[in-house]
Amino acid sequence: MIHLLQANISTSAPSSYLPIGLQIAFAAGLVALLMVLTHLLGPRRKTSDKLQNFTSGIESHGDARQPMAIKYFLTAILFVLFDVEVIFFYPYAVNFKELGWAGFGAVLMFVGFFLCGFIYIIKKGALKWED
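If you're matching positions, the sequence shown starts at 1004 in the numbering used here and goes up one per residue.
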């Protein structure tokens, strides 16, 4: 078995996927085994206290469907948007020597677009909370 994993097999052969197949089979088997074991060994006491919703010790009151200010959602969406844009700096940080001045120009252009979007958001008043 180890000989098959260490052999120099071409990457187009189906047997080159053997390590991935073994890993997937092992992971699926482990998940199935753990689910069966927890089902068999776990407690089965269902009391009225356990069937109630957990509220962190705070008494619930009011309707959960009440309207909420859009500013919270807008701030969250903008955070995700700019956070994902920052992820695109990672490939440049890893390969900045190989990319040279052309890569540096591309990153400057990306930052320019990034700043244009940020200035647009500020001009539109999306981050103003005084209303």
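Please note that a few of the clues may not be correct.
[What the hints assert, rightly or not] Cut-off 27 Å, straight-line C-alpha distance, at most; resulting in silico cross-link-like pairs (DSS-like, lysine-lysine):
no., residue 1, residue 2
1, Lys1074, Lys1131
2, Lys1074, Lys1126
3, Lys1074, Lys1127
Read the hints as simulated data drawn from the structure, not as lab findings.
Status of the hints after comparison with the structure:
With a CA separation close to 9 Å, the supplied pair Lys1074 and Lys1131 stays within the 27 Å bound. Note on Lys1074 and Lys1126: the hinted pairing holds, with a Cα-Cα distance of about 15 Å set against a maximum of 27 Å. Among the hinted pairs, Lys1074 with Lys1127 is consistent with the structure: their alpha-carbon atoms are about 13 Å apart, no more than 27 Å.
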